[in-house]
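Undergrad: So the sequences go chain by chain: A and B. Per this note's numbering, the very first residue in the first sequence carries number 1; after that it's consecutive. Per this note's numbering, the very first residue in the second sequence carries number 1001; after that it's consecutive.
For the record, the hints were derived by calculation from the structure and aren't laboratory data. A couple of the hints might just be wrong.
Which residues of chain B face chain A? A partial, calculated answer using Cβ under 10 Å [said to hold, decoys possible]:
id : residue
1  : 1026
2  : 1034
3  : 1056
4  : 1104
5  : 1107
6  : 1109
7  : 1136
8  : 1163
In silico negatives: residues of chain A with every beta carbon more than 12 Å from chain B [to be verified]:
id : residue
9  : 66
10 : 89
11 : 167
12 : 291
13 : 375
Pairwise CB distance ranges (calculated) [said to hold, decoys possible]:
id : chain 1 : residue 1 : chain 2 : residue 2 : range
14 : B       : 1172      : A       : 303       : 33 to 43 Å
15 : B       : 1157      : A       : 396       : 30 to 40 Å
16 : A       : 157       : B       : 1276      : 51 to 61 Å
17 : A       : 157       : B       : 1280      : 44 to 54 Å
18 : A       : 329       : B       : 1276      : 42 to 52 Å
19 : B       : 1241      : A       : 303       : 57 to 67 Å
20 : B       : 1012      : A       : 354       : 18 to 28 Å
21 : B       : 1157      : A       : 329       : 25 to 35 Å
22 : A       : 383       : B       : 1172      : 46 to 56 Å
23 : B       : 1185      : A       : 310       : 32 to 42 Å
24 : B       : 1280      : A       : 396       : 52 to 62 Å
Where is the CB? At the ideal position from N, CA and C, for every residue including glycine.
The chain contents come next:
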Amino acid sequence: MHRPRKPLKLWEKKAQDLEKQVQSQEQPLSADLQTNIDVLDQVFMGCADVTTRDFLVASDPPRPARLYMLRGMQDKSIINKSIIAPLTNREKAEKLSVQDIVTAQGIQELTSLGEVIKEVLRSNSVLFIHGHAKAWMFLTRDAKIRAVNEPNAQTVVRGPRDGMIEDLETNVSLVRKRLKTPSLKVAIGNVGRRSNTVVAVLHIEGVADPKVLAEVHARLDKVDVDGIMDSGELEQLIEDSAFSMFPQVGNTERPDNVAAALLSGRVAIMVDNSPFALIVPSVFADMLESSDDYYERFYFASLVRILRYILAFVALLGPALYVAITTFHHEMIPTELLTSLIRARSGVPFPTIIEALLIEIAFEALREAGLRLPKAVGQAVSIVGVLVIGQATVAAGLFSPIMIIVVAGTGIASFAMPAYSGALVGRILRFPLLLVAGLLGLYGVALSIAVIFIHLVSLRSFGVPYMSPLAPISISDWKDLIIRVPTWAMHRRPTFIAKGDLQRQAIKTSDLQSGGIDGGVKEK
Amino acid sequence: MKTPGKFVMIVLLLAVSLNLSGCWDQIELDQIALVMLMGIDTNPIGDGFEVTVHVLNTAGDGKKAQEGSSGSSGGSQTLTMSCRGQTVMDATRNLRGRIGGQFSFHHVRVILIGEDLARKGIDPVLDFLFRAPEIRFTNYLLVCQGSAKEIMTLAPELAGTLDEELRGVINNQEEWSKGYAPRLTEFYTSYLDQSAQPIAGRVFTIKPDTPLQPEGQGGQEQTGTGDSVTVEGLAVFRDAQLAGWLTGTETIGYRYITGQGGTMILVVPWRAGLAALEVTPDSQSMEYVPGSNPPHFRVHIKTSGILVEYTGKIKFTNQNVSELQALAGDTLRELMINTDKKAKELKSDFLGYGSTISRQDPKAWQTLNKKWRETFPAVSTEFNIQLNIKHTGPILTPPVR
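Chain A on its own, in the form it takes in the complex (with noise of 0.2 Å):
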């Protein structure tokens, strides 16, 4: 079926040749002022923020010269007292080059007209002085931006407080605050056709896996959007598997995790106007990790590990299991459990799978509406879901309570991982499971998990098999698996992530001829 292609529109056409105009504007700038304002005018034609300040520059003779800007995003004082000021003071003006008269921060010689126009897009202000064939470009910008404050979604109880905001360029150096090295390299560039985003790649030279970064690199070069409007759109355009259900790209607003991600060998990758840095490769272990086991003593930190990945699997697979045992299995339930099951159960008007279903939809409306909700009344709908849910629905006998207690549980288990994308997969795959357990028993859910864990072995996450270091295995990496062992044993970096410089911290004399703790390092 072919659709009859619609004409454009004309000022469709008109912007999409505006674009070309920019895209592909190679053009140089031409001596004369008034030609190229001319051409500037035409193309910031309707950008009523777009402002222009006009003035003479005091050299002999004057010159006419334009400083171009975005209104609200500029630093007036340095506009004024750097710039304009400098520039018409006769005494100053008479000196040669703009460099040495403007006081102003960053200051770069364009030379084509595309140039000028993106860094005045970017809130940069750019300078023309009649008689030059280039213009001045001045870091002018004053980003209104918020200021850095506790992370929302990624809290810890012990650790730093500061997250990650939406200028790109804090947390560059939120992170740079803590990696003081020369071998944390920074590379820019842009994204997005129309919104020319800034993203910058971090990794560390000698411990990221190159043939990692190039891939990086390429997939980015290979993004052709219009915009992007957070990290998390760039994900679904970078990451491997587009269609699984796992998230094969880490996500972190903490910049304590993106330095500690850095010095693992991983790559971070981050885009501007986001407060979400992309970290790769990302495996499956890593959703069940957070920084506070590593700010924990490591008892501790090893216990809440073992929890968690035993939440995980009441969290995907709690209501199925319930389901297929007491409808298929119920020979498996002690006896007096499943008396109080049945006594339970007496009554109510559902089918089991039925029952488990409505109340999985209840609870994640639930779940829908107090995130979607203003705060104030977010509370409004715990109550609902207090009362209504969980007593009135008992009371009239419409639902078992052994099922609510199991749809509470297994919400509470979703809720203790930390990776918010990870619980997102439990929450998705527990209505498959929930289908195939009602039809299958536990015969359903054995095959559903072998699916499921075949799947999650064909993965990769950049190359990187997602099972790491389960499968392939990697003994000597499960240091930081289920137990976390003590910091002071943790002597090297993952190995397969890290490529390069493997060792974290010295190893004793000692230990290097017992074989060291883990086997032996091998000296470059």
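On the provided structure of chain A, position chain B as indicated by the hints.
TA: Positioned in the frame of chain A, the structure of chain B alone reads:
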């Protein structure tokens, strides 16, 4: 017509398979008629069997459970019903005409056999118990004095259901030793073993307010009229038939001779008072004297005791205690000898003499095996009992003013 794509074909084929498997054994919890206790009797009129079951009472109990007073309000927690059939399975299927739910025997944990059936021979029932996949091998096997149906009409005293009560009593036997209830597997292994005879637990009714019969006189007099259930003593089988009953004290002998011993209270009359010792077995061994004819056995039993009660007024000294120790050992030996006598009386080798020979002297057993029934009552046994009184409690002198 255009052929559908591969993906569509796969989805369609998979959709068809949804109808193929699963679901057939699906059952909602509220449709289950959960059998808690099962009793098997002979059919009182004609051939076949009568099966009595206790089914969990769920009718209208949903509301009650929420009030937090399940069971205690009004009706009993279980319903009793029985049905007759040509075979046990036939009888259980006939039960299905009585109740709307689907019977589930998976959770039966005690199986009662009526005395009539036990006397006639329980081999047809045994086949059912092991062939039916729903019956667990860990079930306790108990033989009732009287019919199982009668016992199952009695109300439990402390526990909510009769099977709970029975299992509670069975669990107590480790600290009492006057009863023993084997699990189905245990019964089956000794039933199949040619050199051994099986035993089962013994259930009978008593009247709680009538005084207990003195020990050693047997419990037979106590049955029939009571309204309280007790699991005491043993049902001894000769092959598949019930040979007779063992009393509580005789059961102690059985447990100690075969090494299944638990803790027991041994009462020894000593110096104008009664001393009660809590006895625990330490080791047991049975030894066949090779070549002896008729076969001679030595049973070595080491036990240790703690004095827990004394009704006399004598202060304990080392000499005293060793005297008591010897006396207590003799009393214990009497118990063993009594049980041994009873075994020969019943002509049932449930004490394991035959299997001792077959283990320790397989060649001799090959000849003895053929006429063991006749030889068995003639075997002689020597009991070496050691009782070591470990301590006499925190007081040496009885409280005398």
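Undergrad: Check the structure against each numbered hint from earlier and tell me which ones fail, lowest number first.
TA: none
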